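Participant: Sequence:
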Amino acid sequence: MRHLLSGLIVALAMLSVLSTAQARITRIEIEKTEPAYGGKLFGDVGAYELLTGKAYGEVDPKLPGNAIIQDIDLASRNARGMVEYSTDIAILRPADPRHSNHILLFNVVNRGNKGAVSLFNADASAVQAENNLLAAPGDGWLQRQGYTLIWFGWQGDVLPGNGRMTIRVPVAHNPDGSTLTGIVRAEMVVTDLTDSLPISAGWFTRAGTHRPYPSVSTDNRRPLADGFLPTLTVRGRENAPRRPIPNAAWHFGVCGAAEADPATLCLPSGFQPGHLYELIYRAKDPMVLGLGLAAARDLGTFLQTRDQDDAGTPNPVIHGAGVKSILMGTSQSGRFVRTVIMLGFNQAETGGRVFDAAMPHIGGGMIALNIRFAQPGHAWGEEIDHLAPAYEFPFSYTRQTDPLTGRTQGVLDRCEATNTCPLIIHAATTLEMWEGRQSLSFTDPLGRHDVADPPNVRTYILASTQHAPALSPQPREAPFGACYQQSNPNPYTWTMRALLDALTRWVRDGTLPPPSQVPTIAAGTLVAPDAVRFPEIPATDYGGVERPEVRFLAVNNPLAVYDRGPGYKAGMMTGVITRDPPGVGDARYQVLVPQVNADGNDLGGIRGLFVQVPIGTYTGWNLFRDDWFTNGFCTLLGSFIPFAATRADRERTGDPRPSIEERYKSREAYVAAIRETAAKLVAARFLLPEDAERLVAVAELNGIRTGP
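First residue of the sequence shown: 147, per our numbering; consecutive thereafter.
Heads up, a few of these hints could be off.
[As the list claims (entries may be wrong)] The list that follows gives simulated cross-link-like pairs (lysine to aspartate or glutamate, DMTMM-like), each with its CA atoms no further than 25 Å apart:
| no. | residue 1 | residue 2 |
| --- | --- | --- |
| 1 | Lys200 | Glu177 |
| 2 | Lys715 | Glu424 |
| 3 | Lys715 | Asp732 |
| 4 | Lys826 | Glu808 |
| 5 | Lys178 | Asp456 |
| 6 | Lys811 | Asp732 |
| 7 | Lys470 | Glu839 |
| 8 | Lys470 | Asp456 |
| 9 | Lys470 | Glu195 |
| 10 | Lys715 | Asp559 |
| 11 | Lys208 | Asp456 |
| 12 | Lys470 | Asp687 |
| 13 | Lys470 | Asp322 |
| 14 | Lys826 | Glu839 |
| 15 | Lys811 | Glu846 |
| 16 | Lys826 | Glu836 |
| 17 | Lys430 | Glu230 |
| 18 | Lys430 | Asp709 |
| 19 | Lys208 | Asp372 |
| 20 | Lys811 | Glu839 |
| 21 | Lys470 | Asp599 |
| 22 | Lys208 | Asp548 |
| 23 | Lys430 | Asp456 |
| 24 | Lys715 | Glu839 |
| 25 | Lys186 | Asp269 |
Simulated from the structure, these hints should not be mistaken for lab results.
Bear in mind that the values here come from a model prediction, so they are computed numbers and not experimental data.
Take these sequences, add in the hints, and give me the full structure.
Facilitator: Written as structure tokens, this is what we have:
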């Protein structure tokens, strides 16, 4: 009996060790629980509550699923040989879990900022400082459905402040404990004249939001022992020659400060708006940022499978049989979602699937996170961040062979090998087609034929939309902010709600979503940029706003094969970059864009209500104002050019597009067109019935819209 008891104790001890080893989140700390929205009730779901705190995790660097994390072997370890991290968490849950819809919606933060509420909840009140989750929830659509929303930090170089969520990860060192160094290229862009900038300050990484990698030396005039000297250049366009700025004309530090600062630059003559400043320097102390991928995996696993943490703190969300999870992100966060899948982080350490479904939104390409000295806050662009790692083969979910690199890959390779692929709805705007190379996700690399999605994937292009809809009121005179034209206000909240509803039904009930809706080569709706038949729209003064003539220059964002050095693995967007700027190959991938109708509105993809019943031309591209990156894409913004109110107005300006009065003979005719189109979109499952009723009611009340 004593031997039996002893054996049982040993077995239980081993089980405890195994359980701890598999449960990578070791501790959950809920620092605050409070009623959300002042106790507001959301239909049958009732009230919500907000939980905020931290999750603590540890990663075994010896396990195969973790070995891919760049520099995991160079990170400090605890007494158990594990690499530790901690991440901020926020959970918005039904106060009564019985009223949940049993969907955990993990919303990936964007540069530390929470999303989802203003994406899926309509009304201006939902367009808030995203980080204030207790602000007005708009029409509360997410809450009325009963979703549990979860946010977590994953980007270790995001600085705390203004409600941003971050993750704390270790710094990598050489095996002997000495400082690890490497070459870093920092691209800096400003919108206002300034003489001092953090090295990390770019278009998407504004000053004070991201932690720079410090220079190994603050003396920019004395070469290092191996002869290396940092350089600073400036150019007015991405493809313009770099003009060196003499090292005597700048230094590390804040202008006027007594002490040098290895993470800041001073340029007494001033950093000018509309220019690209490029610093090549030797940095130190790279963070092991790839742990952000493990944090997504481990938090997802914990919240869905465990009852409590190692200390007995209970799991704060509903979980277990019948509960499904969706990992979704917008823009940068959408690229993070795709990278989680591509690098195999949707497989739990126990071997099963982590997230049941995924929704990358306006997130083509991948996130440059799992790289030594990574700068994941940068993006892609025709002018800004053009050379940043973001879009490299493989592009599509479907496995293909790349004729330029010779590699055969697909985004789903790893999860297909382990049977851990999620159901995926990938949604993008027209802007990602023009500026973000999105067509490569559903054509072959040379753009010669269409490529179908795998059975677990649906792709939808939101026709005639920009990255995020422009808010009102818009500027009424040139320059229109940073752009040449007013930006595109065409909303896509209604479509995104329908797509999230379709994904929920797919993952929870097994109901297939609508077929993918994208422009295609076969239908003639996906073409080379110079084959787009865009109308010649003259300068106009409609509505008292003077707009310049539209310049359609067939601008696009070309993509080549980049050589970032032998330590960089392009097929996994992982490794060590030693050549920056990268070498650029001669061959180009073929990026295609949507064909348009006579109004200039897109023909392919999901053509929403305001594209089918338009009051103007909505594009997925715009140009910068003339004094900023002239004739280059105005980053992430499309255009809006309204129709003339009357035939006389359009004939006076020479506008070829029919006027409002020629399109809609009466208020009743416009309302009828809205009602008929809304009904068709509902039937196609691209508009929810309640949203169709709402939009028809607005048309009945207000009649024909007169502006964006």
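Participant: Would you mind marking each hint as holding or not holding in the structure?
Facilitator: Verification of the supplied hints:
| no. | hint | result |
| --- | --- | --- |
| 1 | Lys200 x Glu177 | holds, 8 Å |
| 2 | Lys715 x Glu424 | holds, 24 Å |
| 3 | Lys715 x Asp732 | holds, 20 Å |
| 4 | Lys826 x Glu808 | holds, 23 Å |
| 5 | Lys178 x Asp456 | holds, 20 Å |
| 6 | Lys811 x Asp732 | violated, 54 Å |
| 7 | Lys470 x Glu839 | violated, 30 Å |
| 8 | Lys470 x Asp456 | holds, 24 Å |
| 9 | Lys470 x Glu195 | holds, 20 Å |
| 10 | Lys715 x Asp559 | holds, 16 Å |
| 11 | Lys208 x Asp456 | holds, 22 Å |
| 12 | Lys470 x Asp687 | violated, 52 Å |
| 13 | Lys470 x Asp322 | violated, 45 Å |
| 14 | Lys826 x Glu839 | holds, 13 Å |
| 15 | Lys811 x Glu846 | holds, 15 Å |
| 16 | Lys826 x Glu836 | holds, 14 Å |
| 17 | Lys430 x Glu230 | holds, 21 Å |
| 18 | Lys430 x Asp709 | holds, 23 Å |
| 19 | Lys208 x Asp372 | violated, 35 Å |
| 20 | Lys811 x Glu839 | holds, 23 Å |
| 21 | Lys470 x Asp599 | holds, 23 Å |
| 22 | Lys208 x Asp548 | violated, 32 Å |
| 23 | Lys430 x Asp456 | violated, 35 Å |
| 24 | Lys715 x Glu839 | violated, 51 Å |
| 25 | Lys186 x Asp269 | holds, 16 Å |
Taken one by one, the earlier hints fail for this structure at numbers 6, 7, 12, 13, 19, 22, 23 and 24, listed in ascending order.
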